[in-house]
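Undergrad: This is what each chain is made of:
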Amino acid sequence: MDSFTTPLLAGTATGALLLIAALGLALTFGQMGVINMAHGEFLMAGAYATYLTQQVVTNTDVSVLVALPVAFLVAGLLGLLLEVTVISWMYRRPLDTLLVTVGVGLVLQQLAKDVFGAQGDPVRTPGWLEGNIDVFGYHWPYRQMFTIVLALMALTALAALLKYSSFGRQIRATVQNRDLAETVGIRTRTVDRITFFVGSGLAGIGGVAVSLISGTNPRLGTAYIISAFLVVVAGGLGQLKGTVIAAFAVGIATSFFADWTSASMAQVATFALVVVFLQVRPQGLFVVRSRGLA
Amino acid sequence: MKSFARSYGPLVAIAVLAVLLLVVAPAVLSPFRLNNLGKYCCWAIAAVGIGLAWGRGGMLVMGQGVFFGIGGYAMAMHLKLEAAGPEGIPDFMLLYGDGTMPGWWEPFRSGAFTLFAIVALPAIAAAILGYAVFKRRVKGAYFAILTQALAVVFATLLIATIQETGGFNGLNQFTFFFGYNLYDPVNKKMVYSIAAGLLVACLVVVWQLYRSRFGELLVATRDAEERVRFLGHDPANVKLAAFVIAAVMASIGGAMFAPIAGIISPSDVDATASIFLIAGVALGGRALLLGPALGAIAVGYGRSTLSESFPDQWTYFLGALFIAVILLFPAGLASLFGKAWSRLPRRKAAPA
Amino acid sequence: MRLPHPNPDDLGLDYLEVRGLTVDFDGFKAVDGVDLTLLQGRVHFLIGPNGAGKTTLVDAVTGLVPATGLARYRNQDLLSVRSHKIVRAGIGRTFQTATVFEELSVLQNLDIAGGVHRSPFALLRARRGVPSYVADALETVGLADLRDRPAGVLAHGQKQWLEIGMLLVQDAKVMLLDEPVAGMSAEEREETGALLQRIGEERTIVVIEHDMDFVRSFADVVTVMHAGKVLIEGSVAEIQASPEVQEVYLGRTVEGTTHA
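Protein chains in written order, with my numbering: chain A, 1 to 294; chain B, 1 to 352; chain C, 1 to 260.
Simulated from the structure, these hints should not be mistaken for laboratory data.
A hint or two may mislead.
To be verified - Calculated cross-link-like contacts (lysine-lysine; reagent style DSSO-like; alpha-carbon spacing at most 30 Å):
| no. | chain 1 | residue 1 | chain 2 | residue 2 |
| --- | --- | --- | --- | --- |
| 1 | B | 139 | A | 241 |
| 2 | C | 29 | C | 85 |
| 3 | C | 173 | C | 229 |
| 4 | C | 29 | A | 163 |
| 5 | C | 229 | C | 29 |
| 6 | C | 29 | B | 135 |
| 7 | C | 229 | C | 85 |
| 8 | C | 29 | C | 173 |
| 9 | C | 85 | B | 135 |
| 10 | C | 173 | C | 85 |
| 11 | B | 139 | C | 85 |
| 12 | B | 135 | A | 241 |
| 13 | B | 135 | C | 173 |
| 14 | A | 241 | C | 29 |
| 15 | A | 163 | A | 241 |
Said to hold, decoys possible - Part of the chain B face toward chain C, derived, beta carbon under 8 Å:
| no. | residue |
| --- | --- |
| 16 | 217 |
| 17 | 223 |
| 18 | 224 |
As the list claims (entries may be wrong) - Partial pick of chain A residues on the chain B-facing surface, computed with a CB cut under 8 Å:
| no. | residue |
| --- | --- |
| 19 | 90 |
| 20 | 95 |
| 21 | 103 |
| 22 | 107 |
Quantities reported herein were computed from a predicted structural model and do not represent experimental measurements.
Every residue gets a Cβ at the ideal spot worked out from N, C-alpha and C, and that includes glycine.
This is chain A alone, in the form it adopts within the complex:
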């Protein structure tokens, strides 16, 4: 039983982490066609925000809860800054946004190295997240469960925002037909900016979860960004459910592969799995059908 529950539960937690990271990516990619390669560094920023919050709010039990909105704001504002200063100049040049944000990611990474040092800092776990629960013989850490709870909360909040708020309707309108949305008076540029803020902010939330598991580290973002992108690719664009299924599938699959072989072979296997999966569904799990081709 152990060889099954352990990778399943640990993989679900990894999947949850990937989900938080991928949600923001899917949002900005889906809506604006922007591939934000600095998204991983926003995750890192969230982790450092958690670390800094702990320096100010020394009560560890509280500080993590304070860190959540702080990390969301820090990463969100970074995203907004990126959108306004760089991305808005590269409207409809998606591959170029990819390259520019690679540059931004490099700069942010080096900045973190210079400010906080290359080694990274530990983040203290609050008392209420210490310990674990026994599931079929596996000691499942509360921290991993917290990640899942956090991911589900982020997912619910985002889904509700998209579905029920007028802003959400504007986002969906913009995704489906930008030109039409503009003609009915939606300020798509403003919608873009808020979307970027929210998407990047979600990376900050992901950073909090990551920091509780592995502390801070300047290269923390690069560890997650590619897997998160694979999730977006496999999940398809335009619908959250694809991202959700893909995130947990990738997380759990990686975890099982790692259990059977090694952590690095698991990466190889997951990559191969995504490529094979794209043979079956080249556009990912779900795709919004658009009319006209040429």
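Following the hints, put chains B and C in place on chain A, whose structure we already have.
TA: For chains B and C alone, kept in the frame of chain A given last:
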């Protein structure tokens, strides 16, 4: 006469570059600088391939480090075995492993096999990945992300297999290059000349490709893939050909990099290294003939110079370079010269 | 009112046959059991209101969307092969928005279209001179003077002609043209119509069109589609006399069908 200049002008430019690299540089540069220039040439060879795939073919190949690494490691394995002598095994395997050599190292004792592998392995790898991806019409950002993921996976795999590939340290301490002692400055110069010569050869190859019907078809596929399909071509095959050629070029670059740098390690082939290769191409002008090569040499030079004086600032510089070039000169710096060049004859012609 | 389908034995093999063609988009039938026989030597028009399934029909025949039923040309089943193979079977098409290679010259655009018949090795050589079939196509579509211009600078109508020229170069025996005269001036329409009649003598030409004046002037056969089905097929006069067609074009819904 005009059409002659148009057709063969680029060839003259390649010839000028060849003279600079093969005659002038060895005469004026110190052995240390010349060796550095050799490294830049290796990156430039990979960059020429990126120019073909990305500039002309529209495929943003963000994982060329993988193919650079395949060539680099294939060559390095041969050099390690050469250094170990007949029946010998590489030193690091005694250090980290149990003193036995994995069977797949054995063929690399043969120089001929190694040279074959440097061309065949990346071609096969690129063909498999490219076939899977292009036939299913995966393109644009999806393709870019997949190639970068490949680079991450490749580097992770190398780091994890310290007993087989030297892990994080990579492969180093080569003594002989196909029988020539690498500590002899004359031989070092020869290795440099081979790298520079291969760069010139690759440039001639892409020059012919660009002026051929294949080159036109590649640009057509980049700009309107569906249209190409309805002309009776399978765009997947066109892209696959360019991708495979680019992979082979990267591999050749990597193969020469190992003896020149004296080391090949995961940090030479990972995602960041791949991005570094892209940077040169973007700077020089992705769609131009000489742009990618010159850009790669310039960025390589910048990297050496900056790393010597400000080791930490290099990353900032690379990042800023990306942002500035893509934002301000998406067609590369060389496009500025290109514009000036194309204006010159017109101005002269106007009054006449 | 439907024309009897001609007996295939009288026709040789050079016709495009469509039987029971259906395209199903997640339960919505964009094309619903269409039967068509498209003969050589005729300019065939496909008309109908927006959403009638005209473009989808062409998409299905050219392998862009999966379909069930039958589409056959010269004994080749078109529904089971991929787009570029369909083209190689002699079926060419254009798109609603003219798609030419903007950075390549007119000549290069046409030359690429001739590439179907070249070996892979020929692709590696540079082009020398102008192949006769490219020169012919340049003359036929009237772009000989513009052959060295980048296609991107051509006027809208010229781009459409270039596309037709590309179909000529690739020697398409069946040409499926999606709104070739949309956005053209009256003069350009005249020229296009004359061009279609000229090249249509030894080809099967199918034109999707909205402009009724154009249809009246140049159609040999007209098929009216509505809600994924063929409403009626006949000569221009027959179509104009049809009460069903008038109903559709006045926006009323024909019994048993729905607007898409």
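Undergrad: Quick check: which numbered hints come out false for this structure?
TA: As far as the earlier hints go, not one is violated by this structure.
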